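Chain residues, written in single-letter form:
Protein chains: 2
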Amino acid sequence: MNSEIITIGDELLIGQVIDTNSAWIGQELSKIGVKVLQKKSIGDTREAILDALYKASKKSSIVILTGGLGPTKDDITKHTLCEFFQTQLVQNEKVLKWVTSIFTMRNLPMLESNNQQAMVPENCEVLWNKNGTAPGMWFKVKDVIYISLPGVPFEMKTIFTEEVIPKLLQQFQFPTILHRTILTCNIGESFLAKRIENLENELPEHIKLAYLPSVGMVRLRFSAYGNNLPILENELTAIIEKLYKLIGNYIYGEGDDNLAEVLGKLLLQSKKSLATAESCSGGYIAHQITSIPGSSAYFKGAIISYDNSVKIEQLQVPANIIESNGAVSEACVSTMANNVRKLLKTDYAIATSGVAGPGGGTPEKPVGTVWIAVSSEKQTKTSVFNFGDNRERTIQRTAIQGLDMLRKLLVQENQS
Amino acid sequence: MNSEIITIGDELLIGQVIDTNSAWIGQELSKIGVKVLQKKSIGDTREAILDALYKASKKSSIVILTGGLGPTKDDITKHTLCEFFQTQLVQNEKVLKWVTSIFTMRNLPMLESNNQQAMVPENCEVLWNKNGTAPGMWFKVKDVIYISLPGVPFEMKTIFTEEVIPKLLQQFQFPTILHRTILTCNIGESFLAKRIENLENELPEHIKLAYLPSVGMVRLRFSAYGNNLPILENELTAIIEKLYKLIGNYIYGEGDDNLAEVLGKLLLQSKKSLATAESCSGGYIAHQITSIPGSSAYFKGAIISYDNSVKIEQLQVPANIIESNGAVSEACVSTMANNVRKLLKTDYAIATSGVAGPGGGTPEKPVGTVWIAVSSEKQTKTSVFNFGDNRERTIQRTAIQGLDMLRKLLVQENQS
Chain A
1 MNSEIITIGD ELLIGQVIDT NSAWIGQELS KIGVKVLQKK SIGDTREAIL DALYKASKKS
61 SIVILTGGLG PTKDDITKHT LCEFFQTQLV QNEKVLKWVT SIFTMRNLPM LESNNQQAMV
121 PENCEVLWNK NGTAPGMWFK VKDVIYISLP GVPFEMKTIF TEEVIPKLLQ QFQFPTILHR
181 TILTCNIGES FLAKRIENLE NELPEHIKLA YLPSVGMVRL RFSAYGNNLP ILENELTAII
241 EKLYKLIGNY IYGEGDDNLA EVLGKLLLQS KKSLATAESC SGGYIAHQIT SIPGSSAYFK
301 GAIISYDNSV KIEQLQVPAN IIESNGAVSE ACVSTMANNV RKLLKTDYAI ATSGVAGPGG
361 GTPEKPVGTV WIAVSSEKQT KTSVFNFGDN RERTIQRTAI QGLDMLRKLL VQENQS
Chain B
1 MNSEIITIGD ELLIGQVIDT NSAWIGQELS KIGVKVLQKK SIGDTREAIL DALYKASKKS
61 SIVILTGGLG PTKDDITKHT LCEFFQTQLV QNEKVLKWVT SIFTMRNLPM LESNNQQAMV
121 PENCEVLWNK NGTAPGMWFK VKDVIYISLP GVPFEMKTIF TEEVIPKLLQ QFQFPTILHR
181 TILTCNIGES FLAKRIENLE NELPEHIKLA YLPSVGMVRL RFSAYGNNLP ILENELTAII
241 EKLYKLIGNY IYGEGDDNLA EVLGKLLLQS KKSLATAESC SGGYIAHQIT SIPGSSAYFK
301 GAIISYDNSV KIEQLQVPAN IIESNGAVSE ACVSTMANNV RKLLKTDYAI ATSGVAGPGG
361 GTPEKPVGTV WIAVSSEKQT KTSVFNFGDN RERTIQRTAI QGLDMLRKLL VQENQS
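Line by line, the protein sequences give chains A and B.
So that you can map any letter, position 193 of the first sequence is 193 in the working numbering, and since no number is skipped, the others follow by simple counting.
So that you can map any letter, position 396 of the second sequence is 396 in the working numbering, and since no number is skipped, the others follow by simple counting.
In short, the hints are calculated from the structure, not lab data.
These figures come from a predicted structure and were not determined experimentally.
Accuracy of the hints is not assured; some may be wrong.
It does not matter which identical chain is used: a pair holds within one copy or between any two.
Unchecked claim - When the alpha-carbon atoms are kept at most 25 Å apart in a straight line, the in silico SDA-like pairs for lysine to any residue are as follows:
id	residue 1	residue 2
1	342	318
2	157	215
3	35	102
4	167	191
5	167	384
6	157	390
7	157	100
8	208	10
9	58	43
10	342	325
11	58	376
12	271	204
13	31	377
14	97	76
15	408	92
16	130	392
17	194	89
18	245	113
19	378	363
20	94	390
21	365	102
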């Protein structure tokens with residue numbers, strides 16, 4: 001089962017936008033056993049779209065297009081699809097109602113260009129776009145399936161997950177592939193590889209391991225190929241049990257787990273609450289926590305003390321601690337953690353103070369130096385890190401470490 | 001002058017790695033006026049590489065390949081290039097010396113696979129890779145230039161900048177392409193299109209406009225094609241002046257500007273400071289602000305009052321305001337803004353309170369309802385929005401609106 005992904009838009013060709021859609025689609029197709037033969041990015045022209053559709057249909061039985069479905073006139077995908085399939089645009093009542101309801105809800109007038117979004121090629125099945133006004137479209141012509149999706153990533157992803165994947169699974173028999181992904185943080189890829197070297201060497205031929213690194217994290221994806229799902233499940237379970245014995249301390253979850261979500265579940269289960277006091281992370285930890293639906297049940301709030309005056313006045317860090325130790329110090333960060341916990345009346349707290357850079361470094365505390373503290377009523381744990389000279393990475397890695405330090409503290413206190 | 005970029009590697013097709021190389025190359029080529037006709041990602045197979053080379057050479061006079069030049073056996077680009085050009089690999093003494101010197105310097109033994117890196121197709125010119133062991137290669141066959149580069153981004157980029165671009169400029173006369181991108185926020189794509197309909201219809205043939213939407217923002221990219229740079233610059237300047245007259249209120253910047261950065265520059269220029277009081281945005285505005293290097297010069301901090309107790313105790317919102325109006329109200333959010341400004345002793349403040357969802361909605365205040373206030377010593381401005389039922393989008397749009405409302409307030413107060 002071969003597929004091709006075609007992404008449409010001049011902005012991709014001149015490099016103004018990095019194409020992340022096709023990588024995401026490639027991952028999702030791989031999971032269900034569809035091979036991606038090639039990916040192509042083309043410009044917003046009729047000729048390029050027709051040529052790409054024609055060539056893809058010669059080699060692949062699933063052709064996926066993204067982009068070029070917006071309401072403005074530089075979007076010509078829909079008209080070109082009509083030309084390719086020798087059909088015409090017709091108004092889809094369901095889509096029209098939906099688009100109208102969005103504008104009514106937002107109290108905005110409908111424009112003629114919005115009406116156009118309800119026009120779809122006559123031979124397509126509409127794929128529901130609950131996050132936007134441009135519908136996805138599904139065509140089946142001569143044993144080839146063509147799927148056209150909007151280019152806005154969150155719209156495309158929802159349609160793909162909720163509409164495209166179920167329809168593909170319904171129409172085709174795919175080989176059995178079982179994926180399990182183990183999530184680790186705060187250990188580098190090469191160190192991880194060294195630790196699990198023997199396990200990796202002993203994997204049978206039909207089980208593959210891929211390392212998927214991102215900032216501060218490495219995902220380990222095991223893929224088992226075969227015909228018998230229960231057998232594959234047993235094999236993978238045994239391997240992953242071994243993995244937990246080797247590197248369990250670095251594993252924070254599996255699959256699509258999110259570190260802030262894992263921490264949130266631990267807090268919910270133990271009916272505990274959390275606050276943060278953030279200097280160098282500047283609210284990023286609070287943002288990570290509050291990105292999780294339902295976080296208001298355990299997250300009370302934060303004091304972002306970017307300026308030392310806020311550390312002293314709002315967080316009540318004694319001025320002499322900052323004078324003698326500096327704001328980037330164990331004494332400061334542990335006081336921040338304990339004080340925010342008491343002030344906001346929570347069970348736990350995370351605090352950060354560091355030099356995110358590019359300015360502010362000294363020979364003693366170079367750019368990238370970050371102190372993190374986690375605190376409960378019983379104990380305060382602190383650590384110092386050097387996350388290097390990239391500001392964005394330092395903020396991200398501070399958040400991952402802070403969340404993970406508290407996760408470990410919670411696991412430990414729940415066990416005892 | 002047309003070009004095609006071919007990126008090689010199975011990891012790109014299964015989405016394990018996002019292809020950033022081709023976007024970067026696209027930017028560099030656009031700058032010198034080379035049009036990128038299409039980009040393609042293909043697997044590590046002889047057939048796919050031969051097919052891609054053949055097809056690209058029919059349409060483009062510059063064909064750029066990246067990837068598949070490493071020392072391991074799945075890298076077959078070099079052998080396939082020999083097959084395509086009907087030539088053979090020969091040892092390049094200069095490259096061999098270089099590779100040997102790298103291993104000597106790092107005190108590592110040379111493996112046979114490393115020796116192989118000095119083997120290049122007989123008809124190529126070697127492009128110097130000062131950051132790695134795989135050389136770049138330049139071929140000119142029948143008026144088509146083929147350039148093969150390693151896939152490691154920092155190796156590729158250096159070869160491209162220092163070797164490829166100068167050689168291209170030496171060999172060709174390029175047409176001039178001028179891009180200017182205008183950044184707007186808080187106006188939908190279709191409304192924007194309606195407002196600038198006449199301007200768009202009156203654009204000359206050689207000037208193109210593209211709409212690039214993302215959450216809460218639309219970028220307008222004008223591309224002017226011609227031979228004379230000063231003339232193109234004058235034309236675009238005149239068009240963009242008209243654009244400012246039509247939609248100036250929605251424009252927050254140009255090119256690579258970032259909304260939080262634009263706001264930061266205004267604060268720096270006027271030597272003013274900022275704090276935030278965030279409920280539904282949960283620290284995301286503080287994070288946006290502190291992502292900008294140097295933000296500690298104007299950002300003092302934030303109080304994230306997710307729980308009402310923090311609104312009452314830390315932000316000193318009178319409990320009866322919350323009792324009678326609710327936390328998601330104009331009265332609450334304007335008190336939050338003014339109080340955080342006074343408590344943290346800043347000149348300006350942004351405050352947010354809303355229902356991010358999925359829970360917490362009521363018929364009166366459905367999910368997506370967000371109150372935002374911006375405050376200075378002179379005035380407080382408030383607005384209410386409905387951002388819909390996607391939690392992540394609501395948080396993002398709250399931040400964009402909050403930052404933009406303060407930007408407008410600053411512009412207004414600076415002018416008066």
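Hint check results:
no.	hint	verdict
1	342 <-> 318	both (15 Å within a copy, 21 Å between copies)
2	157 <-> 215	both (22 Å within a copy, 14 Å between copies)
3	35 <-> 102	neither (37 Å within a copy, 38 Å between copies)
4	167 <-> 191	neither (41 Å within a copy, 35 Å between copies)
5	167 <-> 384	neither (50 Å within a copy, 40 Å between copies)
6	157 <-> 390	between (30 Å within a copy, 13 Å between copies)
7	157 <-> 100	within (23 Å within a copy, 48 Å between copies)
8	208 <-> 10	between (35 Å within a copy, 11 Å between copies)
9	58 <-> 43	both (21 Å within a copy, 17 Å between copies)
10	342 <-> 325	within (22 Å within a copy, 28 Å between copies)
11	58 <-> 376	neither (62 Å within a copy, 63 Å between copies)
12	271 <-> 204	neither (43 Å within a copy, 65 Å between copies)
13	31 <-> 377	neither (45 Å within a copy, 56 Å between copies)
14	97 <-> 76	within (23 Å within a copy, 53 Å between copies)
15	408 <-> 92	neither (53 Å within a copy, 41 Å between copies)
16	130 <-> 392	between (32 Å within a copy, 14 Å between copies)
17	194 <-> 89	between (58 Å within a copy, 22 Å between copies)
18	245 <-> 113	between (59 Å within a copy, 23 Å between copies)
19	378 <-> 363	neither (35 Å within a copy, 44 Å between copies)
20	94 <-> 390	between (49 Å within a copy, 21 Å between copies)
21	365 <-> 102	between (52 Å within a copy, 17 Å between copies)
The structure is inconsistent with the numbered hints 3, 4, 5, 11, 12, 13, 15 and 19, although it conforms to all the rest.
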